[in-house]
Amino acid sequence: MRDRRMTKKQKRDLFRILLAGVFFALAFLLPLDGGWRAIPFAVPYLTVGFPVLKSAFLSLIRGQWMNETFLMTVASLGAFVLGEFAEGVAVMLFSAVGELFESYAVGKSRRSVTELMSLCPDKASVLRENQWVDLAPEEVEIGDVFRVLPGEKIPLDGKICSGESSLDTRSLTGETLPRDVSEGDGVLSGCVNLTGVLQIRAEKIFEESTASRILAMVEDATANRAKSETFVATFARWYTPVVLAIALGLGLIPPLFWGGWSTWIYRALEFLVVSCPCALVISVPLSYFGGIGGASRFGVLVKGSDRLEVLAKTDTVVFDKTGTLTQGTFRVTEVLGKDPSLVLQIAALCEQFSNHPIAKSLREACKLPLSEDRVTDLSEESGFGVSAKVDGIPCMVGKGDWIRSRGILIPDEFSPAGTCVFVARGDEWLGTICLGDRVRENAAQSLRELRKLGVRRLEMLTGDGDSVAKSVAQTLALDGYRAELLPADKVEALRTLSREKKGTVVFVGDGMNDAPVLVSADVGIAMGGVGSDAAMEAADAVLMHDDLSALPRILRLARKTHRIVLQNLIFSIAVKIGVMVLISFGFANMWYAVFADVGVSVLAILNAMRTLSKKI
Amino acid sequence: MKKVYRIENLCCANCARKIEEGIQKIQGVKEAKIVFMTMKLTLDVEDGMLDSVLAEAKKIARKVEPECEIVG
Numbered sequence: 166m167r168d169r170r171m172t173k174k175q176k177r178d179l180f181r182i183l184l185a186g187v188f189f190a191l192a193f194l195l196p197l198d199g200g201w202r203a204i205p206f207a208v209p210y211l212t213v214g215f216p217v218l219k220s221a222f223l224s225l226i227r228g229q230w231m232n233e234t235f236l237m238t239v240a241s242l243g244a245f246v247l248g249e250f251a252e253g254v255a256v257m258l259f260s261a262v263g264e265l266f267e268s269y270a271v272g273k274s275r276r277s278v279t280e281l282m283s284l285c286p287d288k289a290s291v292l293r294e295n296q297w298v299d300l301a302p303e304e305v306e307i308g309d310v311f312r313v314l315p316g317e318k319i320p321l322d323g324k325i326c327s328g329e330s331s332l333d334t335r336s337l338t339g340e341t342l343p344r345d346v347s348e349g350d351g352v353l354s355g356c357v358n359l360t361g362v363l364q365i366r367a368e369k370i371f372e373e374s375t376a377s378r379i380l381a382m383v384e385d386a387t388a389n390r391a392k393s394e395t396f397v398a399t400f401a402r403w404y405t406p407v408v409l410a411i412a413l414g415l416g417l418i419p420p421l422f423w424g425g426w427s428t429w430i431y432r433a434l435e436f437l438v439v440s441c442p443c444a445l446v447i448s449v450p451l452s453y454f455g456g457i458g459g460a461s462r463f464g465v466l467v468k469g470s471d472r473l474e475v476l477a478k479t480d481t482v483v484f485d486k487t488g489t490l491t492q493g494t495f496r497v498t499e500v501l502g503k504d505p506s507l508v509l510q511i512a513a514l515c516e517q518f519s520n521h522p523i524a525k526s527l528r529e530a531c532k533l534p535l536s537e538d539r540v541t542d543l544s545e546e547s548g549f550g551v552s553a554k555v556d557g558i559p560c561m562v563g564k565g566d567w568i569r570s571r572g573i574l575i576p577d578e579f580s581p582a583g584t585c586v587f588v589a590r591g592d593e594w595l596g597t598i599c600l601g602d603r604v605r606e607n608a609a610q611s612l613r614e615l616r617k618l619g620v621r622r623l624e625m626l627t628g629d630g631d632s633v634a635k636s637v638a639q640t641l642a643l644d645g646y647r648a649e650l651l652p653a654d655k656v657e658a659l660r661t662l663s664r665e666k667k668g669t670v671v672f673v674g675d676g677m678n679d680a681p682v683l684v685s686a687d688v689g690i691a692m693g694g695v696g697s698d699a700a701m702e703a704a705d706a707v708l709m710h711d712d713l714s715a716l717p718r719i720l721r722l723a724r725k726t727h728r729i730v731l732q733n734l735i736f737s738i739a740v741k742i743g744v745m746v747l748i749s750f751g752f753a754n755m756w757y758a759v760f761a762d763v764g765v766s767v768l769a770i771l772n773a774m775r776t777l778s779k780k781i
Numbered sequence: 015m016k017k018v019y020r021i022e023n024l025c026c027a028n029c030a031r032k033i034e035e036g037i038q039k040i041q042g043v044k045e046a047k048i049v050f051m052t053m054k055l056t057l058d059v060e061d062g063m064l065d066s067v068l069a070e071a072k073k074i075a076r077k078v079e080p081e082c083e084i085v086g
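Protein chains in written order, with the numbering used here: chain A, 166 to 781; chain B, 15 to 86.
What the hints contain is simulated information worked out from the structure, not anything from laboratory work.
Backbone N, C-alpha and C fix where the C-beta goes; we use that ideal spot for every residue, glycine too.
Treat each hint with caution, since some may be false.
[Said to hold, decoys possible] Heads up, simulated DMTMM-like pairs for lysine to aspartate or glutamate below, C-alpha to C-alpha not over 20 Å straight-line:
(1) A:Lys318 x A:Asp333
(2) B:Lys17 x A:Asp385
(3) B:Lys54 x A:Asp385
(4) B:Lys47 x A:Glu384
(5) B:Lys17 x A:Glu348
(6) A:Lys478 x A:Glu614
[Said to hold, decoys possible] Some residues of chain A that are not near chain B, with every Cβ distance over 10 Å (derived):
(7) Lys174
(8) Ser336
(9) Leu342
(10) Ser544
(11) Lys617
Generate the whole structure from the sequences, applying the supplied hints.
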């Protein structure tokens, strides 16, 4: 497989370089003078330069003469002709070193990104005619049952049909605590089965399973190019021809006036060596590739280099409330009334068939067993509440206004702000149940970090009532909030905020209901979006686990990547131009030129690879 | 029609850029993108033109970098 540290070609090149290096050193020791020195220096020159010469020759016949190999050939042969043998060898030798380093670095970062994304096993053990057969995951069809032993990775998304185990979901979600699963639970591909044998019925084919989709997403993310990449491409398009034109001018024009042909031609050759823009062209995408790979390491999928670039300029972060800043699960916080347990019981009985999150939390809060027989004549008025007979007495459970509209009086002191469910029995108010959603544990800490990173505004948009929104906004010290918004209003509110911004507006939402808002933000970040197609589609970045602390991290990473890209751009361009100026005035020799080409390349690549580091 | 190809023996990022620019100019190509980091060429080609475009693309790749191969 590709896991080898070096490819065959790289090993061959390394051998060639080492061998040439030895010959090169020996050539200095030989006591020869003048033109005779060409012979010992030709040995390392050909050893390391042969592939370049061959490739240059081939390109030349095909009519492509302005490529790197051709320029290297002209520069180094020119140096030989002018009697600068050592410099001629150096050009070839060091450019080979640079190229080997580049291909090794690119290979290494590619490996470390795909390695951490090595989510997909290469086989699945499938039940066919009562036997377990090993198939390629691509061959497994929906409905097939496959077996995953402890220690193995789950190859396809599916539902457990027998067995129980705990799963390591780290590579998907970054979550370190194992998740316990048993029969009937849905599982995602890419998780590692830890303890028990699982039999799973495939629900998606391999290509559509989470693991392969994530992999494809991260791999293709770099195809969405950042502005700085486009800049580099444009720069490279002009850079080489311009440098070549200057080289030509430098070699021909000054000697017409001042003579000294060999000096000026030699300077022109030095220009040729500096003319390759490779350091720039590779270091920028390499930085973004590393950044995107690094982000996936802590559970954030970023869908493109361009998004990472925009993210670095974050000015305003807008949050959805429910499920993003808060846990999104309602809990009964208080029961008001003379007989709280009766109030809860009636509410739970009436709501026992409902799937609404509030109904669920009512049932959870009422710890008594619920019997269907006690409830008759149940009717639900969607959005308002439920009326039914409990033990033969008509009861109502629902919103305050709805119950009041039936002529039942609710005392003001029992109608507090926030999310409440009111319970009436007969034609009297019986009690009020207050429910609350809790702010996520690390929300405050994460928001503080965002502020420290220079985010100017933190806002919240929610469909919930004003009082609830206000209390969350105060707890988290937000700069502002808008409540009682419909999904369409949220888009409008976001646009308003966008008009006041200075940099990027980021929206963080749960991805299920917020798809339109995610799309209309500069960067839409979906939380806990793994497995949800809508979120993966609409968002620019996906937080794979419900953890807000990933936000400051991804922001730091985006900034770091951006910084590295800028450093590389400025450093490489400055060194190249500087060296070219020095060459023109005769203050630099071939060694400077080689440094400006290979040295800068190596430094820029090393710098770019910092994006892969775990520390941010 | 969109198709993804793998590129082999492409050893310079600047050459990747040149090949990409060359391929974009071929008739029938709606979009061409080479991602050097993943060594992938994504071609979006008008229907029915794929074969001719691919042949031309291979020629361009060879011209820029003689050892370069586009494989399916």
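Checked hints:
1. A:Lys318 x A:Asp333: With a Cα-Cα distance of about 9 Å, the restraint between Lys318 of chain A and Asp333 of chain A holds, given a limit of 20 Å.
2. B:Lys17 x A:Asp385: It holds: about 13 Å lies between the C-alpha atoms, which stays within 20 Å.
3. B:Lys54 x A:Asp385: With Cα atoms ~9 Å apart, Lys54 of chain B and Asp385 of chain A stay inside 20 Å; holds.
4. B:Lys47 x A:Glu384: 14 Å, holds
5. B:Lys17 x A:Glu348: 40 Å, violated
6. A:Lys478 x A:Glu614: 15 Å, holds
7. Lys174: The assertion about Lys174 of chain A is violated, with a minimum of 8 Å to chain B.
8. Ser336: 19 Å, holds
9. Leu342: 33 Å, holds
10. Ser544: 53 Å, holds
11. Lys617: 32 Å, holds
Violated hints, listed in ascending order, are 5 and 7; each of the other numbered hints is respected by the structure.
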